[in-house]
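Colleague: Each chain is listed here by its residues.
There are 2 protein chains.
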Amino acid sequence: MQQQQFDQLTTAEKREVERQLHLYMDGAEEVIPPEELRAKLAKSILTGEPLKIKLGLDPSAPDVHLGHTVVLNKLRQFQENGHIVQLLIGDFTGKIGDPTGKSAARKQLTDEEVRRNAETYFQQFGKVLDQNKVELHYNSKWLKRLTLEDVIELAGKITVARLMERDDFEERIAMQKPISLHEFFYPLMQGYDSVVLDSDIELGGTDQHFNVLMGRHFQEKYGKEKQVVILMPLLEGLDGIEKMSKSKNNYIGIDEDPHEMFGKTMSLPDSLMKKYIHLATDLEAEEKKRLVKDLETGAVHPRDAKMLLGKTIVNMYHGSKAAEAAEQQFKKVFQQNSAPDNITAVHWQGGGTVPVTDLLVTLELLPSKSEARRMIQNGGVKINGAKAESIHADIALEHGMIIQVGKRKFVKLQMHQ
Amino acid sequence: MQQQQFDQLTTAEKREVERQLHLYMDGAEEVIPPEELRAKLAKSILTGEPLKIKLGLDPSAPDVHLGHTVVLNKLRQFQENGHIVQLLIGDFTGKIGDPTGKSAARKQLTDEEVRRNAETYFQQFGKVLDQNKVELHYNSKWLKRLTLEDVIELAGKITVARLMERDDFEERIAMQKPISLHEFFYPLMQGYDSVVLDSDIELGGTDQHFNVLMGRHFQEKYGKEKQVVILMPLLEGLDGIEKMSKSKNNYIGIDEDPHEMFGKTMSLPDSLMKKYIHLATDLEAEEKKRLVKDLETGAVHPRDAKMLLGKTIVNMYHGSKAAEAAEQQFKKVFQQNSAPDNITAVHWQGGGTVPVTDLLVTLELLPSKSEARRMIQNGGVKINGAKAESIHADIALEHGMIIQVGKRKFVKLQMHQ
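So the protein sequences, as listed, match chains A and B.
Take the position in the first sequence, starting the count at 1, then add 102; the result is the number in this note's numbering.
Take the position in the second sequence, starting the count at 1, then add 102; the result is the number in this note's numbering.
Extracted from the complex, chain A is given alone in its bound form (with noise of 0.2 Å):
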């Protein structure tokens, strides 16, 4: 059927097809399966009906940073092309918290609370995706009229065996660590909840694996047809190991000050570069190929193609006069305090990681660890030309690692093994 469908294209349409497949497929971990993706192309060019694409959204975290803009871009590229993008406001289960009391984190909203939170997602998302092709859904509106009598019949649609192949509930049968019953149930309702969207399409996190499978899973026992699931990589953070988040404090926020945005990618370990470049910008997939391109070969310096990678990112959610000008002000601390190459270089045996209070002594910038702190407090330190936000942070040491204390005392680091 899907063939069939195909067939009736015209070859401009099959290329139009082929097109967007490429688009979407393009910086995805995975798409499962890809020929679903095409048929669904296919149809939606024949009927003229857009794709429903479905995002769903924890209401309790509503700070969204440069991690989340990896999906919305993907989201993006699907508007550009006329097609609806779902926003699921995970509310239901917001609302209940949890049930054992065991997770402080997972704590109860009000209705109020999660209102506002799905006002602040919207209102930051619309930042990267048109506002005008978002549907905002809240899942109480169908789970809490959800009877017992309706649980089991969806609970009839699954095995145990399926919901134990999730890799956390594996790894703690595992370790023999308790599951509570009550956890089967996000997966049921994530599920469920694209069986009552008619949702075409599924993003998510690697980590979001099962989860998203869910979807497929149900609407399939529900006799609808089923979502593609499209899964994209996780950028890690600042610190260049673990996944950008707010908790970690290693994030770029999407609403943050231009100067700050500029300086924190500046810190970006050269190794992530070309993640973000790909996950982050908007660049064009040519551009993207180009300057990645450009850095292999030494065409272009890595200071530089930072530079541009800020300069985009400030320009995506700030515009090009604040981008402009948070790359002018940058350059000219370093210039007006002392050029790059007139720093004095510290030579640095090992490497590895070492909090923030210990480096700066060490390093004999300040005298003591108490001056240390007092200082970070006060903002007066900067780690490749971000403020240090935190006492407690941990360093990854890096050759030709800035470190700046007050205005004019800097330094450089020289790594050797």
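Don't read these hints as lab results, they were simulated from the structure.
Among the hints, erroneous ones may be present.
Since the list gives no way to pick one copy over another, a pair counts as held whenever it fits inside one copy or between any two copies.
What the hints assert, rightly or not - Taking lysine-lysine pairs in the DSSO-like style, the calculated list, with each CA pair at most 30 Å apart, reads:
(1) Lys235 <-> Lys279
(2) Lys391 <-> Lys323
(3) Lys323 <-> Lys197
(4) Lys235 <-> Lys434
(5) Lys243 <-> Lys197
(6) Lys326 <-> Lys423
(7) Lys259 <-> Lys279
(8) Lys235 <-> Lys471
(9) Lys279 <-> Lys326
(10) Lys243 <-> Lys434
(11) Lys279 <-> Lys328
(12) Lys511 <-> Lys434
(13) Lys323 <-> Lys246
(14) Lys390 <-> Lys323
(15) Lys116 <-> Lys246
(16) Lys489 <-> Lys229
(17) Lys395 <-> Lys423
(18) Lys259 <-> Lys323
(19) Lys243 <-> Lys259
(20) Lys259 <-> Lys434
Knowing the structure of chain A, use the given hints to seat chain B on it.
Modeller: Quick look at chain B alone, frame taken from chain A:
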């Protein structure tokens, strides 16, 4: 606290607690735990509040047989001491049926069918129970009102590992046979029923071990006093092997005709006599003990003991006149036709189990299997005085077994190893 309550009792009251405790534990396979039963009895005597004894019933199978009376007789003991029986009709699950559609047995019942079946139970149970001390409850009353939020709260109070301990789940996991998630809800619901009913005690057969313990589990989780669990032995049917059940056609129904009831009792294997005396009669504890002892010492002939058992059982369900008449008729048949002592003995090599038609032909009581089938269908074949009901029955051969065809033909088996 339990000890404190007990200490407040007078000596006579303490004796009463011990008397009841002894009575209820007699014949039970397991009481979980006896100390709590003692404490509940003490509290009941102190406060004058009767205990509430729950029995859950499947609304799909209202044909009551002696197997059911094992728990009913125990319930009757509680009633005789002033306590209240809670009959819980599991109509919610009955109305849902099996969502996977796999189990044809678990067919969906209408409200009307459930109500009719419940009435049948109530009327038949009236032969054992005092209907004035019975509360009839339908669990759909509260279960149909549960929302997904309630279900998640309930599910948050138990772990997946705990549920998988149930024997049949454990087996299926070991054999990699699927368990549908909805199956986990049945024990949850049974436990929740006890929470709603504030049951003090729940009765069940030993095969209900896991499900009945759910009441204790959830009552505790909901901050209530835990019910005591009393597990009664399962009664084997006329074949002496399988648990008595309608589907195995090895049962004595409590609605059966007195002569049929008496005859079926006479067909019991000798090996089951003691168990039936203990579990299926309303004889006083002392009488039971004496009869069993007389059997063991040979002071009473097994056939006479079986006649007494038959008479006792018929008396329980049809009164003393019918019991007398059934005994007389049974005796008359044997005396009229030929005294049991005069029956032709046939020697049988081997043993085990033989299809009834094969048996009749081998013993030359009938010339062919088709004649044997016809005679059985016409009700003309009796084994130990009980009519052979099915042409497919397998007969467990026994030394001294009397096989009768028509009015006059009798043989008695002489077994040889």
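Colleague: It remains to establish, for every hint, whether it holds in the given structure.
Modeller: Structure-based check of all given hints:
no.: 1; hint: Lys235 <-> Lys279; in the structure: neither (44 Å within a copy, 46 Å between copies)
no.: 2; hint: Lys391 <-> Lys323; in the structure: neither (42 Å within a copy, 59 Å between copies)
no.: 3; hint: Lys323 <-> Lys197; in the structure: both (27 Å within a copy, 21 Å between copies)
no.: 4; hint: Lys235 <-> Lys434; in the structure: neither (41 Å within a copy, 92 Å between copies)
no.: 5; hint: Lys243 <-> Lys197; in the structure: both (12 Å within a copy, 26 Å between copies)
no.: 6; hint: Lys326 <-> Lys423; in the structure: neither (48 Å within a copy, 66 Å between copies)
no.: 7; hint: Lys259 <-> Lys279; in the structure: both (26 Å within a copy, 15 Å between copies)
no.: 8; hint: Lys235 <-> Lys471; in the structure: neither (52 Å within a copy, 78 Å between copies)
no.: 9; hint: Lys279 <-> Lys326; in the structure: between (36 Å within a copy, 27 Å between copies)
no.: 10; hint: Lys243 <-> Lys434; in the structure: neither (53 Å within a copy, 75 Å between copies)
no.: 11; hint: Lys279 <-> Lys328; in the structure: between (34 Å within a copy, 26 Å between copies)
no.: 12; hint: Lys511 <-> Lys434; in the structure: within (15 Å within a copy, 120 Å between copies)
no.: 13; hint: Lys323 <-> Lys246; in the structure: both (21 Å within a copy, 24 Å between copies)
no.: 14; hint: Lys390 <-> Lys323; in the structure: neither (41 Å within a copy, 57 Å between copies)
no.: 15; hint: Lys116 <-> Lys246; in the structure: neither (43 Å within a copy, 52 Å between copies)
no.: 16; hint: Lys489 <-> Lys229; in the structure: within (24 Å within a copy, 85 Å between copies)
no.: 17; hint: Lys395 <-> Lys423; in the structure: within (28 Å within a copy, 104 Å between copies)
no.: 18; hint: Lys259 <-> Lys323; in the structure: both (6 Å within a copy, 28 Å between copies)
no.: 19; hint: Lys243 <-> Lys259; in the structure: both (22 Å within a copy, 25 Å between copies)
no.: 20; hint: Lys259 <-> Lys434; in the structure: neither (63 Å within a copy, 61 Å between copies)
Taken one by one, the earlier hints fail for this structure at numbers 1, 2, 4, 6, 8, 10, 14, 15 and 20, listed in ascending order.
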